[in-house]
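S.K.: Take a look at the letters that make up each chain.
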Amino acid sequence: MKKKKIKAKIIVVSAIAIMLILVTVFADFFAPNDPYTTSASSIRLAPCLKYPFGTDNLGRCVLSRVLYGGRTTIAATFALVFISFAIGAIVGMLCGYYGGIFDKLLMRIADILLAFPQMVVAIVVAGILNGGLGGAMIALGITMWVSFARLSRSHTYSLKNQDFIKAALFAGKSDLYIIAVHIFPNILPPVLTNALTQIGTTMIGLSGLSFLGLGVVPPAAEWGSMISEARAYIQIAPWAVLYPALATVFTIIVFNYLGDVVMDYREA
Amino acid sequence: MDEKLLEIKNLSVAYDESLVIKNVNLDIYKGEVFCLVGESGSGKSTLIKSICRNKYAKITGGEIFFREQCISDIKDKEMASFLGCRIGLIQQNPEGAFNPLRKLSDQFNETVKSHGKKLDKEKLNRIFSTLNLKDMDRILKSRPYELSGGMNQRIAIAASFILEPELLLCDEITSALDVTTAIAVTDELLRLKNDMNVAIVLVTHNLGIAANIADRIGIMYKGEIVEIGATSKVLENPQHEYTKRLLQDVPKLKAI
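Taken in sequence, the protein lines are chains L and S. Going by this note's numbering, the first sequence opens with residue 1, and the numbers climb by one from there. Going by this note's numbering, the second sequence opens with residue 1, and the numbers climb by one from there.
Don't read these hints as lab results, they were simulated from the structure. All C-beta atoms in this analysis are idealised placements derived from N, C-alpha and C, irrespective of residue type, glycine included. Relax, there's no trap hidden among the hints.
These stretches of chain S come out as covered by chain L in the derived footprint (C-beta under 8 Å, 3 or more residues):
| no. | segment |
| --- | --- |
| 1 | 67 to 81 |
| 2 | 92 to 99 |
Beta-carbon label-pair distances, calculated as ranges:
| no. | chain 1 | residue 1 | chain 2 | residue 2 | range |
| --- | --- | --- | --- | --- | --- |
| 3 | S | D137 | L | K3 | 24 to 30 Å |
| 4 | S | S175 | L | F82 | 39 to 45 Å |
| 5 | S | K118 | L | A75 | 47 to 53 Å |
Pulled out of the complex, with its shape left as it was, chain S reads as follows:
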């Protein structure tokens, strides 16, 4: 847990003129699950986007290091060798991750090939079965538009794991799914993470999911990380006003 994978130093990010992330410092360690929680517009997704080079999210200050190499000011071409292979990304909308009309086998092959690797069917099969995706050959023969959202999201997870990244950034990956599928997908994600020793940064507004799987939690509010620490510490003994409010607002089922 002590090997530093990602280091964000005094990062500020802006869309056009408006500053969305202010002076954020964050370290991600090897093999941990870190959850970034906050309301809509707090800057969680922007933080992920700025790590992955979104052309709209402009870094106005600070630096990002991956394994002690600065990745915030290298060229796009150099960055391409990091993305996918070493830093994976899964987005909120599973439909957008794939070309809806192209066979998944072609898309998997292309993904792996563009990183100079060959598709290892056995490994993919292992990943698929961990993700509860049965009958890999049939799935690979189908096209994404024929499959459900939950299935597509699982396949997107499989696509990022096949490249064996060291760090996986997950941007609201469960918010387009129903509750049971969301829990199943995060459980499977955790199993895969344990198999392959990947560090995961999970952005979510669902505190329940964060409490379930995170080693550490960061609370984001108005572009700043206002509280950060071990999951149990943050949830049981919140320090910041906003965290306390957030915890109070979690919907609870009334006892029947």
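Excised from the complex, chain L in its bound form:
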């Protein structure tokens, strides 16, 4: 009964999440104006029919920029989570499966990376890499794979001692076959749940770096950089900050909540 309730929640939340993704993917279709066209005659216009979210300091449509910015934020987030997930899962499975020096070495590196707050490492690395979206992604990715690696390592470790793996080994199956067929599908559910919960944090991280000027550089639209740009005139045109901020908060809440309900579903 409880599970059914959670399942309904998952369907609703994932429907909202999919809608969010679709709206940003088809931003060309939904955006009322060009997000990059500046216009001297419509600087800092309050929300009106033509510009539903108002315009910014250069007269660009905030709604269009929020939609296009969502594309950058969401696509970069998904790409980063997926890459960290892939690297982390592979490293974790190899460490858990083979153990030994390789495992000890990588896990100590992971410990070191975990010892620093993620954002601090990201700021330093993004600074060294001179910003840019790619730089920001690398900066966040450096610490992100660790949680995936730890999780998949511990699950692999307990799986490795199960009888069916021992039997497969004894029957002469190759390590690669065992990892691909027996281990990977079994560690997938917990690691995937972790990936879902990481989406929100990654989004904050990426927008945060852009806000600090270490991520996406203007004029490209990105929520963090939009807020950063517009905060200078927040008292004159609060909408230019408000809407990208609302979009960020809403998207993060949706994806975090999705991660939470999926986790609840697994535990129920």
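Following the hints, position chain S against chain L.
M.R.: For chain S alone, coordinates are given in the frame of chain L:
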């Protein structure tokens, strides 16, 4: 009953430094049911593990023969041709026997294929029906995590019988099951054994089950087999102190 299948001679087994099995001698004959009874830590499971090559259970002395061929010092690769095909093993934890997320049909196929055989659906159907597993096709389409513990244990038994081993080692196969399921499973095991003439070594701490199905019983205590003999003889006329104590400790229902 007189054809010797398994012969264990002066076997000693150790985990790291500590000796767990000391100088055990044991013969298993074709088609018999032999129960190994003892408390936790007495070395019963270790004995089974050492026959099946557990990397932690190191054989420090003695030999194991299967049909007069020494199997305790052959290479792992050679041993693989014995395990499954000629010596079957069913473990305590039914969940561990299968990959929980893989379709059972795939797992059965893989098991049979890795021994160079083809899955004989008719034979499997016979085994399934003896084990009271109804609707084989539906079960084969499902994944182990969708099934109950009792069902998984029955399927694990079916998986070991499909390879037609001559000797089946059962390590506490009923201890994860409730009492009624445990009795049903051992009854079904016995029926299958009679159909296919397999020798069974059943490790258990449940004297009731041992008394029910065993031809012979061995009592294990602190790494040694302290008493061995026909079931009725051991249970009715125990010689060793420990056996007597064990028999006294069997919980009995008080008369109402």
